[in-house]
Amino acid sequence: DAKTTQPPSMDCAEGRAANLPCNHSTISGNEYVYWYRQIHSQGPQYIIHGLKNNETNEMASLIITEDRKSSTLILPHATLRDTAVYYCIVRVVSGNFNKFYFGSGTKLNVKP
Amino acid sequence: DAGVTQSPTHLIKTRGQQVTLRCSPKSGHDTVSWYQQALGQGPQFIFQYYEEEERQRGNFPDRFSGHQFPNYSSELNVNALLLGDSALYLCASSSGVMGLYEQYFGPGTRLTVT
Numbered sequence: 001d002a003k004t005t006q007p008p009s010m011d012c013a014e015g016r017a018a019n020l021p022c023n024h025s026t027i028s029g030n031e032y033v034y035w036y037r038q039i040h041s042q043g044p045q046y047i048i049h050g051l052k053n054n055e056t057n058e059m060a061s062l063i064i065t066e067d068r069k070s071s072t073l074i075l076p077h078a079t080l081r082d083t084a085v086y087y088c089i090v091r092v093v094s095g096n097f098n099k100f101y102f103g104s105g106t107k108l109n110v111k112p
Numbered sequence: 001d002a003g004v005t006q007s008p009t010h011l012i013k014t015r016g017q018q019v020t021l022r023c024s025p026k027s028g029h030d031t032v033s034w035y036q037q038a039l040g041q042g043p044q045f046i047f048q049y050y051e052e053e054e055r056q057r058g059n060f061p062d063r064f065s066g067h068q069f070p071n072y073s074s075e076l077n078v079n080a081l082l083l084g085d086s087a088l089y090l091c092a093s094s095s096g097v098m099g100l101y102e103q104y105f106g107p108g109t110r111l112t113v114t
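In the order they appear, the protein sequences are chains W and X. Take 1 as the starting number for the first sequence in my numbering and just add one per residue. Take 1 as the starting number for the second sequence in my numbering and just add one per residue.
Keep in mind the hints are simulated off the structure, nothing from the lab. Even for Gly, the Cβ is constructed at its ideal location relative to N, Cα and C. Mixed in with the good hints there might be a few duds.
[Unchecked claim] Mimicking BS3-like on lysine-lysine, the simulated pairs with C-alpha atoms at most 30 Å apart in a straight line are: (1) W:K107 <-> X:K26; (2) X:K13 <-> W:K52; (3) W:K69 <-> X:K13.
[Said to hold, decoys possible] Between beta-carbon pairs, the in silico distance windows are: (4) X:G16 <-> W:K52: 25 to 35 Å; (5) X:A38 <-> W:V93: 23 to 33 Å; (6) X:N77 <-> W:F97: 26 to 36 Å.
Just chain W, same shape as in the assembly (with noise of 0.2 Å):
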């Protein structure tokens, strides 16, 4: 049923840029890529959302490459309270309402 495909950990070193990658090929031109962030199993925290062009917001950068198929998610200066389970969905609209399609996230970890 997932959409994404994300590697299933990465290091990063603390005060520098994260970029997490996401492959999701089958992208539709209407679904939007979200990301979330999971911490010790507390429920999954927004991060940011795109549908063509990149994003950026307080928390992050969202590149979103022309043909759809893949997405990075940069965090600019990674802080030990990043170390989390960061998630990329696609969300499909079917009708009037959504869902949202996780994959199995990457567990970024970053270190001092």
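Use these hints to put chain X onto chain W, whose structure you have.
Then chain X, alone, in the frame of chain W:
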């Protein structure tokens, strides 16, 4: 604003029993979705409620059922529990505005079936 709340936090049940989990959405939200997250895996969509009706459903058997109340809160019921139903059950609420849609997740209910 309390955000999305879920109860109970933890629950232990025996195989064959039935369980009810509860969710109160974030203020202003009218849509509730339920997810099952097995250990080490991403959340899997169970179903979604809007205007007190199930609107979408994932690949889960009929043992999983739900309800939404007029105040938008929701329940997830699981009958004839199996060991494989042990998981973190997450509730997410939203207000469906196209292009601005965002789900807010609760802290989850940890269900253990023995």
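Hint by hint, here is what the structure shows:
Of the supplied pair hints, the one linking K107 of chain W and K26 of chain X holds, its CA atoms being roughly 28 Å apart against a limit of 30 Å. Taking the CA atoms of K13 of chain X and K52 of chain W, the gap is about 46 Å. The hint is violated against a cut of 30 Å. Taking the CA atoms of K69 of chain W and K13 of chain X, the gap is about 43 Å. The hint is violated against a cut of 30 Å. One distance hint, 25 to 35 Å for the beta-carbon pair G16 of chain X and K52 of chain W, is violated here, with the actual separation near 50 Å.
A hinted range of 23 to 33 Å holds for the C-beta pair A38 of chain X and V93 of chain W, which are about 26 Å apart. For the pair N77 of chain X and F97 of chain W, the beta carbons lie near 21 Å from each other, so the given range of 26 to 36 Å is not met.
Hints 2, 3, 4, 6 from the list above are not met by this structure, while the remaining hints are.
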